[in-house]
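Protein chains in written order, with my numbering: chain S, 1 to 326; chain Z, 1 to 326; chain V, 1 to 326; chain B, 1 to 326; chain Y, 1 to 326; chain C, 1 to 326.
Hints may contain errors.
[Stated by the list, open to error] In silico negatives: residues of chain C with every beta carbon more than 12 Å from chain V:
| no. | residue |
| --- | --- |
| 1 | Q13 |
| 2 | E33 |
| 3 | T105 |
| 4 | Q147 |
| 5 | Y211 |
| 6 | D299 |
[As the list claims (entries may be wrong)] Part of the chain C face toward chain Y, derived, beta carbon under 10 Å:
| no. | residue |
| --- | --- |
| 7 | V134 |
| 8 | V135 |
| 9 | K152 |
No lab work stands behind these hints: they were computed from the structure. Cβ coordinates follow ideal geometry from the N, Cα and C atoms, glycine included.
Number of protein chains: 6
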Amino acid sequence: MKETYINQLEANQTITIILLVKAKDVKSKKSGEPYLSLLLGDKTGEMDAKMWDNIEEIEGTFERDDFVKLKGLVQIYRNKPQLTIHKLRRCRDEEVDFSDYFPKTSKDVEAMFAELLEMTSTLRNPWLKQLLEVVFADQEFVVKFKQAPAAKSLHHAWLGGLLEHTVSLCKLCRLIAGHYPEIDAELLFTGAVLHDIGKTDELSYSRSFNYTSAGQLLGHMILELEFVGRKIAGIPDFPRELSVLIQHLIISHHGEYAFGSPKLPMFPEAQLLHALDNLDSKYEAMKGILQGDRNQEGDWTGHNQMFGRPLFKGSSRNGYEPDKDA
Amino acid sequence: MKETYINQLEANQTITIILLVKAKDVKSKKSGEPYLSLLLGDKTGEMDAKMWDNIEEIEGTFERDDFVKLKGLVQIYRNKPQLTIHKLRRCRDEEVDFSDYFPKTSKDVEAMFAELLEMTSTLRNPWLKQLLEVVFADQEFVVKFKQAPAAKSLHHAWLGGLLEHTVSLCKLCRLIAGHYPEIDAELLFTGAVLHDIGKTDELSYSRSFNYTSAGQLLGHMILELEFVGRKIAGIPDFPRELSVLIQHLIISHHGEYAFGSPKLPMFPEAQLLHALDNLDSKYEAMKGILQGDRNQEGDWTGHNQMFGRPLFKGSSRNGYEPDKDA
Amino acid sequence: MKETYINQLEANQTITIILLVKAKDVKSKKSGEPYLSLLLGDKTGEMDAKMWDNIEEIEGTFERDDFVKLKGLVQIYRNKPQLTIHKLRRCRDEEVDFSDYFPKTSKDVEAMFAELLEMTSTLRNPWLKQLLEVVFADQEFVVKFKQAPAAKSLHHAWLGGLLEHTVSLCKLCRLIAGHYPEIDAELLFTGAVLHDIGKTDELSYSRSFNYTSAGQLLGHMILELEFVGRKIAGIPDFPRELSVLIQHLIISHHGEYAFGSPKLPMFPEAQLLHALDNLDSKYEAMKGILQGDRNQEGDWTGHNQMFGRPLFKGSSRNGYEPDKDA
Amino acid sequence: MKETYINQLEANQTITIILLVKAKDVKSKKSGEPYLSLLLGDKTGEMDAKMWDNIEEIEGTFERDDFVKLKGLVQIYRNKPQLTIHKLRRCRDEEVDFSDYFPKTSKDVEAMFAELLEMTSTLRNPWLKQLLEVVFADQEFVVKFKQAPAAKSLHHAWLGGLLEHTVSLCKLCRLIAGHYPEIDAELLFTGAVLHDIGKTDELSYSRSFNYTSAGQLLGHMILELEFVGRKIAGIPDFPRELSVLIQHLIISHHGEYAFGSPKLPMFPEAQLLHALDNLDSKYEAMKGILQGDRNQEGDWTGHNQMFGRPLFKGSSRNGYEPDKDA
Amino acid sequence: MKETYINQLEANQTITIILLVKAKDVKSKKSGEPYLSLLLGDKTGEMDAKMWDNIEEIEGTFERDDFVKLKGLVQIYRNKPQLTIHKLRRCRDEEVDFSDYFPKTSKDVEAMFAELLEMTSTLRNPWLKQLLEVVFADQEFVVKFKQAPAAKSLHHAWLGGLLEHTVSLCKLCRLIAGHYPEIDAELLFTGAVLHDIGKTDELSYSRSFNYTSAGQLLGHMILELEFVGRKIAGIPDFPRELSVLIQHLIISHHGEYAFGSPKLPMFPEAQLLHALDNLDSKYEAMKGILQGDRNQEGDWTGHNQMFGRPLFKGSSRNGYEPDKDA
Amino acid sequence: MKETYINQLEANQTITIILLVKAKDVKSKKSGEPYLSLLLGDKTGEMDAKMWDNIEEIEGTFERDDFVKLKGLVQIYRNKPQLTIHKLRRCRDEEVDFSDYFPKTSKDVEAMFAELLEMTSTLRNPWLKQLLEVVFADQEFVVKFKQAPAAKSLHHAWLGGLLEHTVSLCKLCRLIAGHYPEIDAELLFTGAVLHDIGKTDELSYSRSFNYTSAGQLLGHMILELEFVGRKIAGIPDFPRELSVLIQHLIISHHGEYAFGSPKLPMFPEAQLLHALDNLDSKYEAMKGILQGDRNQEGDWTGHNQMFGRPLFKGSSRNGYEPDKDA
């Protein structure tokens, strides 16, 4: 763990710190001489920094998404720290602990993955079980699956977020399958496991979160169709009818054409998968917005673009919560 | 229970049967003489009937939504029975068992209502508990609440359907509150109990299902606001903040302006109430459509207007259901 | 009346002035020391102000929406005045004349209200007359009704604006009822009086204009339903059919689901109320935009967000106005 | 006036009557022989008719939209008269009184037109006055203007309906110009006179109402632009700026792109013209629907396609109309 | 070729004819006895037929989509032939010439396919060339590709229609690539060849045209992704970047989310492929509608559902066509 | 040609240069004294400039859209040049070469216009030929037609752009008319020539590109209807049917109500004109966006507002372009 984080800096300190370069610009002073303007970050925040002198030799030694070790003077402007850089050098990845730099799930990744394997192991439909086992046996995939966020922003936008959302959705599917016992619980569960796995390739997340070119051009639904298709092709005699149902679950789970689903849910398990994915994503997004705003004055967040409305922070703050007055 | 139902009739029988008048017309034969054309029904279906002679004295003795006792000859045309009426007289309501004539929940109404009271009795927030107790103590309301359908058509469109949908939603809310423990489970539960109770007055359902004038002009959300407002007014010192949250839960539960919600869900419990109400309504509607079509040939229903697409009947009919090959 | 207003300030004056605090921030100089950054206003405009020194003792003595008495030096930057504050103290409300600080209707509030009472007094339907009399007898309501704006922005967004818009709409309704004599003029008039009265509680306007929490969660239509419902409950034997019509007039007056009407106008008076409310609001909004832009160069306003288009200022400026060449 | 109208026919009469041919088909009996199937009408309704024998010589002597004199036997089927034709011959237009065959305004056409001229004569803007005088001096136009309906269906869909709607709109514009004295009342009035005059060519209405090919391909707004453009071209030195305003009033009066306005109202007079045209059209449409349904049982019309909802017939039928209990 | 087609039948003939069964119902006479009601067709049209007697032994011997040989009496009703069946037996497929029964392209299928191979042979990009060669070497695919219609209805809805539309689009792409020489003509051509090939499996067309279950659940875009993916997997070292571009061309070619494209065109070749596919489909659809209506009276088709408007038949029928007055 | 362009300026130069004034503001220094803030431009870009002293006598001598000759010192800030003005005087238009200041088509205007005349000369329909000849004989129009851009921004937004787009569209129409030989090629070509000519008056482009008041109020479609109408009126006996078709081609060419077409394409030539205009506009817009972004890092442009998505720059940069590896 790092010794100092951005949110701990105080004015007029001289510090030494390793940070991630999030943006890098060479600009001109009024005299015409170049200076370096950087946006630096760690998991606690971001900070502007300038290096005014002797930047010619250093400017070409690092790029955006590199780590750099800096020495400089901290000042505070509009409540935010700024750094005047005295010295700077690029670091190798080995010198840093990635978890100091990227937002990450607060849950235990290995425990969540084990939970998923455990749920999978109880399947009785041999084809579905075999398919998920083959997927989870793909080590290259599993490494990415444990790391990927569930979205670039909006909900579960942190390392491990894809796994966290997947496990939450799988559990919701099992609850709902208990409530509506006539549905095919295992088909629904399989859809939940697979519904977003293409995000491992749609997004890049080794440094900042972004879309890959393939992700932008095809989207995670098409990418996971490809991936699942290859896995199914490797299972002899996998029933065509079943694979069509799985493909439909995948491509219909956004539930609306406008959100990129080329087909809308056409059977109960597809309808429920869409409804529960939507419920979990929107709930976590709302929760995140309210938490991010909890230190702001007033009972209302500002107008939220995702929801198209302001959100109310006061539903659990009025003295009538039953669970707390026991 | 009746001796004969419409779906049991065979060609060339002469029968005596009591049926509900669903439509009544006096038409003219080519000769200019009047005859009677009726649409008759019981819980198993509908049937056309004609009375050709001597209708003057009988024509004014009954109306739509009356029960009539008929004697006549059954014929089959395009696979549907038709009746040529020989004799007809109006029946009093006491002569019939209503459950023979109206679709009705297959569940035990009293057991469901007891379940609701039981869930209510566990509330710890005294205001919410008192509010629901006052609601359930209103006998005039309870009688209607046990009888009303949840919709004119689409989902739970049968006597007792409102109660059935309400209980299902309450249970879903409790499952989801277990999954997201940070929410106010009792506020969500209260919203679930109250969200559709205005349907007791929005619809008329003592005979055929229809909208009342007040229901058409105001809708069930406004009607239940009025009703809940009166109940709250009777509870001394009921906190204004809490009543505003309850009112918001009610008016936002359709989740979209286009579906008549004047406000969209602005806090997590409102968001979840909308999502789960939507999930339960759409799931039951889809289930109903598939069941209604189960005897039709082919894997697909026709284009369904509510969903805007055909539905697939084959998701649980392909030999790979895990629960059945154990 | 104040001696000096913001729109009269000149560069390089040292002034003493009382202003309303519209925003308050404590920021850091490059040295790390705090300074005070304020947005101040009166009814003629807004102005930035900075206090650079000795702010520790003064910073905690006032908040947003307080009045403060300031001494300082005026400078002009980009055609707008700025203030460097030398001295500052909080004022009590009694020290100021509110009308100096808030935009206010240019019409006579008492005269408009008298006009409304006069129109009401001519009603011949005893129920409608009694209802409006009860409403206007509620002093707590009347105080707010005379003060409230008709909207947070967009149209009639000034103190007294609700009353001004209401009177204008009532007169329009009477004109139109003369044009279409077959309609129920008194029902339409009653709808016009009541259609926006919930804005007295939807908005806060004792200082800056904003939504209340109840206003945001429920909207003025639901708030006025509650209010009118209470008044009707106090009138013995008020006909249920008539109260349903009044409720429908209220909830349908926005005329579109997307604007928060849970029901659309279903009878002629409701249709006309919506059409005339829309006409008056849009006309006044357009008039306000054109007036606000009248000193800007050119025949066009910029793209206007409410109308989704630029507006033309030249329709009455081309030398062919008949009324002026007489 | 005719001696007999369709809505007076009784069963088993043999009648002689002149009717308009609204549809004409030659069909085959089972034997392969041809028979004639007609839809006939007058201003009171429509009726099916068949001619079974000897149709070869008569079949080619008349077409749709001709008048025919018929002798035959009336029968009643499903409450509607039917005619078995014994003899038929085509009539010349001179043999009939057109007003017996086409729905027509109940108002006095010449009086309405005089009212329009009178309002025009008071204009003080010389350009607008001259333009309208030139328009009303075009006898070919005036003949059509007095005859045309305001729409193929929906509102004012009867002979003289265009004039009736135009006069109503002109009066509304004058009322509203009194209410908002700052607007250019004469520009608004001119827009009202001209806004729909292209309907004289968009529709064909000498027999049944329909679109002309030019009307379908261009619409009345483009047709009236052409017409007004020709009239303006004939007035020396007509100001270009004024003609652009008039053109804008014409093309923006539908108020929405989706209703064929290529530009939306961009100044107050255009905004008001659109709002009042919309108000008058929708009000008259709603009135027509309610009147057409006044003999149907129940308080509700069926679902109305134009409004997208059922309409309530009871707003003036509940015993609380002030004007009637005086 | 058949001796007799439906559109040649005359009244009162006794005929022997082989037709395709398009619908089959067993109904009841008033007496309760069953009779057979069929819809029969060949490529020239459809015809109702009834068999009244002795249907018990024949009823189970054939199904919808079978061919039957019939003897019976023709009658004409409402200008359409009807058949009273005297004798009926099922035929084997070998007894008929399919081209007598199904609408089929008027072009030479083998010549069109050769044209496609010829265009493919000129490709210089080795990967694209190899991919298309592999596709065209798949005999199972090619058989279906030569037979499939381009749509269930709307445009090119005939056997061979898919090939016809594909060739037309390929040629349009080559014309446009000549006009905009900077684009990658071969990438665009490849997209054109592959854009609809999934229709070979989305539709069933061996008898009547319909959707397959996989077609309904996945759509032709997903089906062709699968197919193309398998072909690419068989080409060693096919560049991943190129396959992503091809996949994007396929999934974006509908150009709008609402038409099932999960991604919208993001580079020029994708934009052009969408525009030209749209142009060819809409043009051919419009041409088909106008041709289908060419014998109807009047200059206008009825309201067309696909285009949402009536179409004008007169654009080339007004005596001013330059090509004809030479 | 100018000696110096904005994109060639270097830091710390003292220069003398003539530039176009694109915006002009008088602002106040902190001292209250005025200074001049200008936005200056030539065809290579834009630059901020300040004049700090003695501006009183110079400030009133020039306006926006004037040319000024400046002497001053160049500095570079954030990679963009800034000018501190020492001397400034207004220039007369004759002192400058307009082509130094405005973006202009890279094609030869006279050659393009000759191409258009040449294509026109081959028409065989005498009416269409005569109409276009009359249009091209209008010298006042032709001067503007050779100069106008095709749009204010988005596509072909440069001097000569309207002609460039028109010629491109005419050629596309001829290619497509070859592909679909059954259409009326000359009607389509005439539509292509005329479809945007109203842009000569909708836009102002003698200096910066903008909408005229008539352009904003009426749009280019209405303006060209007027213009074409006048030309047709001058041709004796021009067939009314043909002029209606031409008017329809003009007003329907945007293809959607939302884009200002009051009628949608109703015959094949109108459908094709719309499709090809759309194809050419969107293709050129996309090409322009990609070219404007070609020096930016990465394979993607930012989110593009016109297309509603980012665009991919890599479709022709992956080493598999067939045309280049020959």
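Here is what the structure says about each hint:
At roughly 29 Å, the least C-beta separation between C/Q13 and chain V is larger than 12 Å, which holds for a residue marked as non-interface. The Cβ of C/E33 does not lie farther than 12 Å from every Cβ of chain V; its closest approach is about 9 Å, which violates its non-interface assignment. For C/T105, the non-interface assignment is confirmed: its Cβ lies about 28 Å from the closest Cβ of chain V, beyond the 12 Å cut-off. With a cut of 12 Å on Cβ distances, C/Q147 stays outside the contact zone with chain V, its closest approach being about 23 Å.
With a minimum CB-CB distance of about 8 Å to chain V, C/Y211 fails to clear the 12 Å threshold, and the non-interface call is violated. Every beta carbon of chain V lies more than 12 Å from that of C/D299, the smallest distance being close to 33 Å; the non-interface claim holds. Taking 10 Å as the C-beta contact cut-off toward chain Y, the hint placing C/V134 at the interface is violated, the least distance being around 16 Å. The criterion of a C-beta within 10 Å of any C-beta in chain Y is not met by C/V135, whose closest approach is roughly 17 Å, and the hint is violated.
Taking 10 Å as the C-beta cut-off, the interface hint given for C/K152 is violated, the closest approach to chain Y being about 22 Å.
Of the hints listed earlier, those the structure fails to meet are numbers 2, 5, 7, 8 and 9, in rising order.
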